[in-house]
Amino acid sequence: MRATQQPTAHHRVRKSVAIPLLGGVVLAGAIFAVLTLTHHSNGHGVLDRAEKIPTSAIMTSRQLVAASVKSQRDALAPLVDSATPPGRLLPAGSALALVPMTWHQSGNFANAMADIHIPGEAQQKYELGFVRLSGSWRVTFIQGSS
Amino acid sequence: MIRRHVVLVAAISMLASTLMIMPLASRASADSPASCATSQLQPIASNNTSGEPILLVHGITSSPAVFDHSVGGGASLAKRLEALAGVSVWTFDYHSVSLDWVTNPSIGPALATAIGCLESSTGYHVAIVDHSMGGLATQYAMAQNDDQGSPDASNVSGVITIGTPFEGSKLLSAIKNGAGDIKYSNPVEGATIQAYLSYCAGRLDDNFCPLTNILDSPVGTALEYDSPQIRSLPKWPSYVPVFDIAGNMQLKVNIGPLHFTGSVGDGAGSVDSATAHDTTGQPLVITCPVTLLHPMQTLACEHTVLPHNATVVGRVVTEVEKLDGIDTQTATTTTSTTAPTSTGPSASPAATLLASDSSGDSIASTFSVGPPKLVSASGFTDATLSNCDPMDPSRSVATKIVINTRATSSLTETVDFSFLAPLTNPGSMSFVMDYSNGAQCDAESAGLAGVSFKVGPNAPNTFTMYAIDIDAVSPDTPAGDLQALGDWLIQQPSLTIEGNAAGGPFWGPRVITCEGDINNTSYLVPAGQLPASINTGLSSDSCSPQLTQNQ
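Taken in order, these protein sequences are the chains called A and B.
Start counting the first sequence at 1; every next residue gets the next number (my numbering).
Start counting the second sequence at 1; every next residue gets the next number (my numbering).
Excised from the complex, chain A in its bound form:
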């Protein structure tokens, strides 16, 4: 069974903090706001604290909607590119924007959420994976959220 239904250590700590009755509602609201801003969960366990998206990752993600297939695929990590069948990653005219404060990094690996709009379709949330190679972030997956 996945751990998604289990409280995280972080949450347990929060629960153990005694909150004075006076002002408790305000404080609880503040805690909720902090948790909302620093975590996001998509049903796969809880993500650790989110960070600001590095500029190089933003630049790389923009390549995914470049006009040429080659430019799009240059955004991929080389191994990922070689394993992926030939073809365009996103249709021409697509738009992509990384969602602020959704960057989660562990060493040289990271993920972030993106809003992608494909012409003729409704905007969708995607999760993007990244690997840092020679100081540059490259894409490892583009996964729709549904």
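These are computed hints drawn from the structure, not numbers from a lab.
Some hints here could point you the wrong way.
Claimed, not checked - In silico lysine-lysine, BS3-like type, Cα no more than 30 Å apart, as pairs: (1) Lys70/A to Lys52/A; (2) Lys176/B to Lys79/B; (3) Lys52/A to Lys125/A; (4) Lys52/A to Lys176/B; (5) Lys322/B to Lys70/A; (6) Lys125/A to Lys70/A.
Starting from the known structure of chain A, arrange chain B on it as the hints suggest.
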């Protein structure tokens, strides 16, 4: 079970004349098995300590409870073993220090003491079932001397490991040392691991990402692939039978509308690492398809759930019973540290082809030398691979694969095929489908990882796919002859293979046309039928394709 000691007490003592010659177990009555119990070593049932001992050793961030997890609502592994006649089941607990390396006195050394005590007090060799790092703790313990001065390995009847990363974890190494520094078995493995680890970044308390919580611990360093700590472990004793069980999550990685599939092992270690010490020649590899962003997918072969996977549990029980057979055969031997002849470690499967369908059913079969292996799974397919190990120089150049599907007049199935590691050159494998019976080609995609295509509706349930193995004809085949071979195959009538512009007809990612008019038999190409001018490096063609359909 478990080689029994029939230790004769030699009449060398002043009291010899007053003693009966008796089995060690009886002799130890004053030092009963129950006396072995410590805070770390506990019997599953306190009233059953004298049978042939089975010792369960857990892994990292775990505890003995991992063996007491209900399996499909039924009995746990521990309970299943306890139900065997004449055994006593014990657990070794090191959970409080499980983030330390196995040299911690409370892990490897304490386990050695436990094994020695169980052996000497019961008179039976100990069967050990390890999960994860428990296998490495056992490896360490077996090299320690017991109180008789013999290596603890001589007290062990056999070992069954579940997800033990004998060679360490490439996943851990990739996380800690930099993604570009790891030598992957092939590009697909590397790509899949990179996608998986980027998904796991920041995901705490997620069973899909079991390594996340050990990164900063001593064991997180020790378990890096081929680490100094791994290399400094004592050699695994060759005379101890080992049966390895590995998880093999086949991760489908989406790149927008495209995808590839590759193995991330059980999420903690790779299949080759977890089967490195198997002596049976046929380790059990549990394969399951997984995806990213699939909230409630069943992680049947993930590292932490393997000990309660029904197939695993059933097989562990069977293997323990086999050790019983070993016991029977050697019951008349006296206690000795003389090692039986080793059968030697067997090679890992050279390559495995995984098929999964849109319903989530999956099958996996290993290309192996010998009779074709019949594989089946509920629902989706029965498929028989016509043998042919890509690494075997005597195999066919082309392999025919017959697939049965559930496609009906209204049901379309998506079938994914992907090669698992290791292939010397995954780009050398080409797939050709016979579309003449209704398999659709509009959704086909092919890459280094394999192919994906749709079947039905209105398609017969059986159709054919060919895997044409070019580069693996022989590792030594000259490049010019490979080209000649490719040219020859292309020239055969009614076989059409279209290569990508950059890679040529047989190299690199390729597109398989939808126009192949494939004859069901003429493209099984034994090497002996190739033109003599092509040097395949083959000396014979003993790999005759055989097809069997499992209806």
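Is the hinted pair Lys322/B and Lys70/A satisfied, with a Cα-Cα distance of at most 30 Å? Measuring from Cα to Cα gives roughly 57 Å; hence the hint is violated.
Taking 30 Å as the top limit, are the C-alpha atoms of Lys52/A and Lys176/B close enough? Answer holds: Lys52/A to Lys176/B is near 22 Å, not above 30 Å.
Does Lys125/A sit within 30 Å of Lys52/A, going by the straight-line distance between their CA atoms? Measuring from Cα to Cα gives roughly 18 Å; hence the hint holds.
Just to be careful, I want the Cα atoms of Lys70/A and Lys52/A compared with a cutoff of 30 Å; is the pair within it? Holds: Lys70/A and Lys52/A sit about 28 Å apart, inside 30 Å.
What's the verdict on Lys125/A and Lys70/A, does the C-alpha distance respect the 30 Å limit or exceed it? The given pair, whose Cα atoms are some 24 Å apart, holds under the 30 Å limit.
With a cut-off of 30 Å on the C-alpha distance, tell me whether Lys176/B and Lys79/B pass. violated (39 Å)
Checked against the numbered hints given earlier, the structure breaks hints 2, 5 and satisfies all the rest.
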